[in-house]
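S.K.: Sequence:
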Amino acid sequence: MIPYVLLLQRLRWLLVGLMFLPSVNAFSQNPSSRGMLQPGPNFRIFPSPVTQTETFITRHPSDPNVLFVSANTIDLSTGFISEGVYATTDGGQTWFGSDTCKGAPIGFHRGDPGIAIDKDGRFILIRLGFSPGLYSHFSTDFGRTWSPQLTIATNDQDRATLVSDGDPTSPFYGRTYAAWVRFAPPFPVFFAFTDDGGATWISPAQVNQPFQRCAGGELAMGPNGAVHITWAAVTNVSPFTEDFVGHAVSTDGGATWQVTENAFNMNGIAGTLPQKGNIRVNGLP
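Here my numbering is used: the first residue of the sequence shown is 1, the next is one more, and so on.
If you're looking for bench data, these hints aren't it; they were derived computationally from the structure. Incorrect hints may appear among the rest.
Label-pair distances were calculated between CB atoms; the ranges are [to be verified]: (1) 64 - 42: 38 to 48 Å; (2) 39 - 275: 16 to 26 Å; (3) 274 - 107: 28 to 38 Å; (4) 154 - 75: 41 to 51 Å.
Predicted model, so just to flag it, every value in this text is computed and none were measured. Every residue, glycine too, gets a C-beta built ideally from N, C-alpha and C.
Using the sequences and the hints, build the whole thing.
M.R.: See the structure below:
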């Protein structure tokens, strides 16, 4: 869901920290802190008057110097919402990019990006659109230019996430997965994948049949090509507080899923923090 202009980014501290690291040596070990790592100076990788919120970062599977960052971007002067694309090829020493993914049609973009870099170094970005749906673009030049829009799904859904299988020993090496929650009862998790760097996608498939509304949908790769999805089961009324965490794993490239609707209970934090300027927070996995 796109944030209101006056609400700040979600508390994804790890991702934000990585986004602003000046180099791989930005963490130093202080002998007086009993071995704890301390972050070095922060800096904006792409200074701009455009707001950059809900940041994400991913790394090339075989070249640690190549990083790809995206964010919700809102031009307050026009109200235009898009997806920032920022990249480095020298481990974070220098950055380049744009506050708008320039895959046509640009006016159709509406933010909420998910990002990945596949085995061939292709940048893949998925996003929401002017009308309900999930759409994708890819870049073969580190995000400088982008393919035209490709439709993955036409239903209403929240932000989707991406992960690419970068393990050369995996039977599904190079496959990139997307996962999201559909905004219609029973609010289940869906997924799709591409084997050709985002040029084509399989038709979306439903992962679970939940007994409680789902939110989120985070992806991670495991050994031997196993792909994992986690999500939060939330209450049915605003602010949709997280109640427990669900999990699904596929060991056959998404053909079948082993689903655990309630992997563990949790006390969610969804809502706002008045003592921190009413920033929006959540406890999604």
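S.K.: Each hint: holds or not?
M.R.: Okay, the hints, checked on the actual structure:
1. Remark: the range hint 38 to 48 Å for residue 64 to residue 42 is contradicted by a beta-carbon distance near 20 Å.
2. The hinted range of 16 to 26 Å is satisfied by residue 39 and residue 275, whose Cβ atoms lie roughly 23 Å apart.
3. The beta-carbon spacing between residue 274 and residue 107, approximately 36 Å, falls within the hinted interval of 28 to 38 Å.
4. A beta carbon spacing of about 26 Å between residue 154 and residue 75 contradicts the range 41 to 51 Å that was offered as a hint.
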